[in-house]
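Engineer: Here is how the chains run, residue by residue.
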Amino acid sequence: MKGLAIRNHRAFASGVLFLAFAVFFFATALQYPAGTAAKMGPGYFPRLLAIVLAAIGLVVMFGAMKPAADRQALRKWDLKGLAWITGSVILFGALLFPLGLVGALFVLIVVSSRASSEFTWIGALTNAAVLIVLCLAVFVYGLGLPLPVWPSLLT
Amino acid sequence: MDLFHNLAVGFATAAQPANLLYAFFGCLLGTLIGVLPGLGPLATIAMLLPITYALQPDAALIMLAGIYYGAQYGGSTTAIVVNLPGESSSVVTTIDGYQMAKQGRAGVALATAAIGSFFAGCVATLALAALAGPLTATALLFGPKEFFALMILGLILASVLSSGPFIEGIGMVVLGMLLSLVGTDLNSGSQRFAFGIPQLFDGLDFVPLAMGIFGFAEIVKNLEQDDKLSLVTQKITNLFPTRDDFRRMVPAMLRGTALGTLLGVLPGGGAVLSSFASYTLEKKLSRHPEQFGKGAIEGVAGPESANNAGAQTSFIPLLTLGVPSNVVMALMVGAMNIHNIHPGPEVMTKNPTLFWGLIASMWVGNLMLLILNLPLVGLWVKLLTIPYRYLFPAIMVFCSIGVYSINSGTFEVYEAAVFCVFGYVLIKLQLPAAPLLLGLVLGPAIEENFRRAMVLSRGDATALLTSPISAGLLAAAAVAILLIMLPTIRARREEALQE
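Taken in order, these protein sequences are the chains called A and B.
The numbers in the working numbering rise by one with no breaks, and the one at position 25 of the first sequence is 100.
The numbers in the working numbering rise by one with no breaks, and the one at position 468 of the second sequence is 879.
FYI, nobody ran anything at the bench for these hints, they're computed from the structure.
Note that beta-carbon positions come from the ideal geometry of N, C-alpha and C, so glycine has one too.
Take the hints with a grain of salt, since some may be wrong.
As the list claims (entries may be wrong) - A few chain A positions that, by computed beta-carbon distances, are all more than 10 Å from chain B:
hint	residue
1	I81
2	R85
3	K141
4	Y216
5	V224
6	S227
What the hints assert, rightly or not - Straight line, CA to CA, 25 Å or less: simulated DMTMM-like cross-link-like pairs of lysine to aspartate or glutamate:
hint	chain 1	residue 1	chain 2	residue 2
7	B	K839	B	E635
8	A	K151	B	D613
9	A	K114	B	E635
10	A	K114	B	D871
11	B	K513	B	D656
12	A	K155	B	D655
As the list claims (entries may be wrong) - Coverage of chain A stretches by chain B, computed from C-beta distances (three or more under 8 Å per stretch; other residues unrestricted):
hint	region
13	123-130
14	152-161
15	181-190
16	196-210
Extracted from the complex, chain A is given alone in its bound form (with noise of 0.2 Å):
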């Protein structure tokens, strides 16, 4: 069977992921009640959607095996910018209440900073200074948003 190898892999991964959100929604989804069509229950509409999803997956996937299908293959990853800028969200969410708005911005920017291949401490450093005084003035003086600014130990 010659025609059956995967020709475009791009679209094949996709028609994959539409594949496993469709199974991981269905299966959740069969916890829940679904009535019938003149009477719904909760399940009976996302069970409708993840058969269409899966529906779609499968076509995108063999849509990817045709002969006539563009070869494609998948394009780099760059797990390392994409670690950092996560990180720095993450930790700017785990840190804001223990160390405050300055303290969390602090890391936010240096971590974010990071990811770029100019990276250099004095630009980083002085960037993080410029930006936690504007945000201060902006969010907090300006805009009076509730934030904690200063570590909770000190408050």
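With chain A held as given, fit chain B onto it using these hints.
Structural biologist: Leaving out everything else, chain B in the frame of chain A:
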């Protein structure tokens, strides 16, 4: 005249000094952020959303509309000056606008874009005001079947018009709808897909999702492609188009405005489609099609008028029918919900000052952009020289504070982090995120109307086809799907949407 009475009410609201000030700040900030490379209107609005939390609903909406127009205009500025479309609706502006800039006519191109946008904004505001009444009246006749069919049509059209294969666009819509089901089921009160996490009982918030995908993940992507901007460094001196320029741009402006006004109303339409259609039309009609791509002023005037007209009339389906026609409108729904306004036919009847005030402030916003942008062009261009390594941490900061402020809770921050990873996967798989967000916003309403329609028809799905309106809407959706399957149209669509 009802129309004039209503507009008078609107202008009375919009012209209050405080509201004028908010419109001004909205336009200023919108342009400021929109000019920055890599930030489209969606990310701009998402970033600036927290600023409006503390305001009254009408002031907040006026400011948001200002931000939206400012961001649109900012996108055109970068398109002309650095050949970098701030957003997809200014992609075509890069073709001739950047060429004009290279010929030392950046000022004229920017002025053309501003004048065209302003003119289109005026016309589209009138169209919006005139159509709002009749459309709202129609919407009040709609039952669950009709709303269901209308939303399906909107989602199908949105996937047809998004980039990439149609089937993948539809897949993203359905995935978005599934994600929208997370939380409490309104009919039975039971929790779905919440896994006992109390913060999920109200559903997945739109804003952290949008910021994760369009803010954070976009940054990771931009950091990967370290390309330098090709900034046009000449000083921008002459802003005024010559008499010959005017002779060429006015007809293009008129056609662009008409096209944009019409296409913007379509669900799934809006600014992007309008600008592409206008460019194609101008090139077809021109006596000098060979000048296109080499700095033809029509190639700036037409699409820029069209995208502004389309941007504005895409508010029509949102405000009258409650159906957002594109992602930016979907984000507006999210923003309005935060202020406890639920877009739909009821807004106009229950809250006329807010409704007409918003419409009037759109015109005010356009006027402000004209006044604001031409003198400040030099400043906007300077902003473009800020290196990205200083810029993106600032974006991170604004997005993070914005996400936190939705509920004053860190749960949303983690949610945004999760969607950053998810958004990165989408970028790598080249799956369009816009249909996902539309599905997410429309999902609950679709389920609700579907369930109601099925209750009324006692479970008979063919009832959707026996009402003339819903049958017509569903037929239109089917035609759209069939058309896209045709090989010739498919090829032309790929040509038009490739970026």
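Engineer: Each hint: holds or not?
Structural biologist: Checked hints:
Taking the minimum C-beta to C-beta distance to chain B, about 14 Å, the non-interface status of I81 of chain A holds against the 10 Å cut. R85 of chain A, annotated as away from the interface, has a beta carbon of chain B within 10 Å; the closest lies near 6 Å. The beta carbon of K141 of chain A is kept farther than 10 Å from every beta carbon of chain B, the shortest such distance being approximately 12 Å. Once the 10 Å rule is applied to beta carbons, Y216 of chain A is consistent with being away from chain B; the minimum gap is 12 Å.
The non-interface label for V224 of chain A is consistent with chain B: the shortest C-beta to C-beta separation is roughly 12 Å, beyond 10 Å. Against the 10 Å criterion, S227 of chain A stays outside the reach of chain B, whose nearest CB is about 13 Å from its own CB. With a CA separation close to 12 Å, the supplied pair K839 of chain B and E635 of chain B stays within the 25 Å bound. With a C-alpha separation of about 37 Å, the suggested pairing of K151 of chain A with D613 of chain B is violated against the 25 Å cut-off.
For the hint linking K114 of chain A to E635 of chain B, the alpha-carbon distance of about 51 Å lies beyond 25 Å, and the restraint is violated. Our distance criterion of 25 Å between C-alpha atoms is met by K114 of chain A and D871 of chain B, whose separation comes to about 11 Å. The suggested pairing of K513 of chain B with D656 of chain B holds, with an alpha-carbon distance near 17 Å, which does not exceed 25 Å. Our distance criterion of 25 Å between C-alpha atoms is broken by K155 of chain A and D655 of chain B, whose separation comes to about 54 Å.
Coverage of the region 123-130 of chain A by chain B holds in this model, with 4 residues showing a Cβ closer than 8 Å to a Cβ of that chain against a need of three. Under a criterion of three residues with beta carbons nearer than 8 Å to beta carbons of chain B, the stated coverage of the region 152-161 of chain A is upheld, 6 such residues being counted. Figure legend: the region 181-190 of chain A, annotated as covered by chain B; annotation consistent (5 residues with Cβ-Cβ distances under 8 Å, at least 3 required). Chain B is given as covering the region 196-210 of chain A, and this holds because 6 residues of the stretch bring a CB closer than 8 Å to a CB of that chain, at least three being needed.
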